[in-house]
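Student: For the protein sequence lines, the chains are A and B, in the order given.
Under the numbering used here, the first residue of the first sequence carries the number 1, and numbering increases by one thereafter.
Under the numbering used here, the first residue of the second sequence carries the number 1001, and numbering increases by one thereafter.
I should point out that these hints are in silico values taken from the structure, not numbers from a laboratory.
Some hints could be false.
Covered by chain B, per the in silico footprint, the following chain A stretches (three or more residues, Cβ under 8 Å) [claimed, not checked]: (1) 104-113; (2) 230-239.
Negatives, chain B to chain A, calculated, CB over 12 Å [as the list claims (entries may be wrong)]: (3) I1028; (4) D1036; (5) P1038; (6) P1039; (7) L1157; (8) V1207; (9) T1362; (10) F1381; (11) Q1420.
Computed from a predicted model, the values in this text were never measured in an experiment.
From the three backbone atoms N, C-alpha and C, an ideal C-beta is built for every residue, glycine too.
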Amino acid sequence: MAFAAERSGADELRRLPANWQALLGRYRLRARQKNRPALVGGHLTRRKGQSLEFREFAAYTPGDDIRHVDWRATARMGQMDQWLVRRFQSEEQMTLNISVDLRPTMALPEVCSKHQVAAWLAEAVARIALAEGDRVVLHGLFGRRGPLEPLRGGGSSAVTGAVRRLFAHETVAEPGLNGIQQLLKPASVWLIISDFYGEDSAHAALAERILAARRGLCWVILVDLDTWPYERSQLGQGAREIEGAIPHDYASPQRYQINQEALTHVEQKIRRHKQSLLTWCKGVSLDRVVWSWPATAMPPAEIFFREKFIDDPVLARLFMREAG
Amino acid sequence: MIWLLFGFGFGGWLLVHMTRPYAQKYRISAAQFFRDLPPPQEKQPRFRLTVPLRSPSFWLQLAWWLLVWAALMFMHRKVDVGGRAASGVWLMMDTSASMTVPTENGSRFDKALVSAEGVTLQLKAMDSLPCIRLSAFDLTRRDLLNDAAPTEVSGVLASLAPRLHDTTLNVVRQVWRQIEQGPEGDCAMTHLVVITDRPAPDWTFEVADGRLLWIDVAEPRNNIGFVDLEAARDPLSGETRALTISSLAYGKPPVDALLKISGPDGQSLPQQPLSFSREGTARNRFVPKRPGAYLFELVPGGDYAFDDRLVIQVPPAEGLQVDWQLNDRTLPQVAGWQITSEDPDLRVLPIGALETAQNNVTIPSLYLADQPAERRNIRDFQEDDILLADINFDVLERQAFATFSLPTGFEPVIRADNGQVWMARRSEPPALALSLGPRFGSSDAAKLSMLAFFNSLRWLLTAPHGDIAPRLAPRDAESVRLTLGSGEGDTSRQALSTGDLAYLTGERQIAAQQPLWPTLVALAAVLFALERVLAAFGGARWR
Chain A
1 MAFAAERSGA DELRRLPANW QALLGRYRLR ARQKNRPALV GGHLTRRKGQ
51 SLEFREFAAY TPGDDIRHVD WRATARMGQM DQWLVRRFQS EEQMTLNISV
101 DLRPTMALPE VCSKHQVAAW LAEAVARIAL AEGDRVVLHG LFGRRGPLEP
151 LRGGGSSAVT GAVRRLFAHE TVAEPGLNGI QQLLKPASVW LIISDFYGED
201 SAHAALAERI LAARRGLCWV ILVDLDTWPY ERSQLGQGAR EIEGAIPHDY
251 ASPQRYQINQ EALTHVEQKI RRHKQSLLTW CKGVSLDRVV WSWPATAMPP
301 AEIFFREKFI DDPVLARLFM REAG
Chain B
1001 MIWLLFGFGF GGWLLVHMTR PYAQKYRISA AQFFRDLPPP QEKQPRFRLT
1051 VPLRSPSFWL QLAWWLLVWA ALMFMHRKVD VGGRAASGVW LMMDTSASMT
1101 VPTENGSRFD KALVSAEGVT LQLKAMDSLP CIRLSAFDLT RRDLLNDAAP
1151 TEVSGVLASL APRLHDTTLN VVRQVWRQIE QGPEGDCAMT HLVVITDRPA
1201 PDWTFEVADG RLLWIDVAEP RNNIGFVDLE AARDPLSGET RALTISSLAY
1251 GKPPVDALLK ISGPDGQSLP QQPLSFSREG TARNRFVPKR PGAYLFELVP
1301 GGDYAFDDRL VIQVPPAEGL QVDWQLNDRT LPQVAGWQIT SEDPDLRVLP
1351 IGALETAQNN VTIPSLYLAD QPAERRNIRD FQEDDILLAD INFDVLERQA
1401 FATFSLPTGF EPVIRADNGQ VWMARRSEPP ALALSLGPRF GSSDAAKLSM
1451 LAFFNSLRWL LTAPHGDIAP RLAPRDAESV RLTLGSGEGD TSRQALSTGD
1501 LAYLTGERQI AAQQPLWPTL VALAAVLFAL ERVLAAFGGA RWR
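Required output: the full structure, derived from the provided sequences and hints.
Tutor: Here it is as structure tokens:
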């Protein structure tokens, strides 16, 4: 029997279904490919003053950085219609930083919690990256401990174990961004999975870190887990006693009169709150993925996640489906 | 009443489960964004008909209620539990006087010894020898052996003999209660064997699993015996006027039974026949001529010898003992009364003492008024009252007698035309106020005053109040004081035993029974505790 707990612990999370092994095997990191039109400045560009280790020449394909075309080598090869580009070692091993929001609000709704979806997303992305030989760092936003790192080359069980250990962290009020700062290197990716319901002060600290990462040519992707449409549909209208994510928080529950006007007011407050983060990140471009829980006919959690994961255009740029 | 309480409790519990929360509760992640919304305005009904089918807590609580209901419904039902062989046996032997009554094979006590030996033999043959505790009882219990082996019992039994004592079965009941409380010590008593000539009491038949064996060695025999003694005493002289001796026949009374009487110094007095009624009772009246020891014997006395002889000490006439508080002591001296304030039979006081008299004094009191005398006519009086017996009303009206105001708590016996009384009485505590006497002399007034005075004395000293208890001491011929009518002489009963020796030795296992309700209540308590623990730690999903 599962008892209610103050936060969604690792014991309540389910691992990715076994039939996802084949599915994930069909993806690979898009980071080694072209077609990242959303990136500004190109995260592959080395930082000024640092050298990149040369690895090999490769044929130019559309999307490669034109500045990497080695004209001398191209001329030497005598094929001016076949340009040669330099491939560098730093391009080959990318660091994927996955930050998962561990706050109690992520433990709801109970039918398909945000924690569960975030755990599956982190696990799926981490498995793909590790299979490609890349480095993956798991980080708990608002978690007490520092970033974790799965075993390099470890199997799916190692990834699952690392994700569960992440969710076993005790939560704190601060986002805990100090430990991850040095990991946001150029050519790395920072995937932030959250509902972005944190306090304004936390959003301000996060925004500061995002700005620094973008200046460091790190690709930042925000995955917004939006459960409001579903929760709104559950409330209906009338007198309601609303309790938050922490069962023993004596500030709640409170009684409210729920009607259309009240729901619209709440929705606007949520939107403004999330927009504040983007406002603080003004001036840099961010990729923002929004996964909304449906207002009606909520499917089983596995089906919901699969549909969101496969159909998401931003994540599609991170991986590439093999032909067939 | 208990069902009413159950109904209220069950109904209240159902009502609680039907109680609708004031507002439906929701747990959502965006709760923080609702804080500035206004509270609800509308009222909602608090109750709705609903069955909480998905609430495990409800079903556990319902099971608890059903168990309590079952415990009430089947409060008197019993279930079988197994019996067991004895591991500690308490043997109690009756040594009262009635054990001397003969049977076909010796006395009852001889028969009891045989039964005791039989029990001991069975216990010796058991695979696991029980330990033995041996006690004798009559009016008290005497412990003779403790933590003994069966082989040690015979020697002690041989030293036992009946005593000239009555029987009380309370000592046996106390021993059984001690056994019921549970085993204690190395020689833990589990079974009780009682060998007596008294029938098994009702409570012994309720003992389950064969743990009590009651052996009644009595055989019906005929007997007659003294059961009661009454004495009539002259209230004024204290002289024992007559003795009434009651006898009872157990079984068939003899047709030629006689009451033999011997007077002081052993002289034989006329015998009296005993005439038994259909109920078996006989009453004989005897007037002792002088004080001394009188021996009464029943001939033939029957099979129980200790209720056939009675010695009665008739005391000398002590005279009336009076607490005389008047100054003039002529009358008590003339009457030969003893003037004493210690345990008197009567108090005589002036009427002024009424104001300071202790109302809790139960000694009959006579208050004499001494107001100036004057002639008065009779206004009214209590008709046919014993206090006015032979009073000449003409003399009362012609002569001058004092009258007085009716005292508080008294009722008038005869009242004068001035509204005051000549005589008044009070029943509790017994008292009489009188202004008519006593006067010495030969005049009509003196005669009337004396008559009124002695009428008052007789009323005060006669039952139901002022009953002077006879001071007699019945003894048997050996000067052992026995209780009359104790039941020791009842030899006509059939024996009534209970229990079986086979259960004692474990040769038979009895289907002992225990009430069912404690088990049901215990189960209900377990369910209650389980539901509370799950409610405390299970969270909202459990409720």
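Student: Of the numbered hints stated earlier in the document, which are not met by this structure?
Tutor: Those not satisfied are hints 3, 4, 5 and 6.
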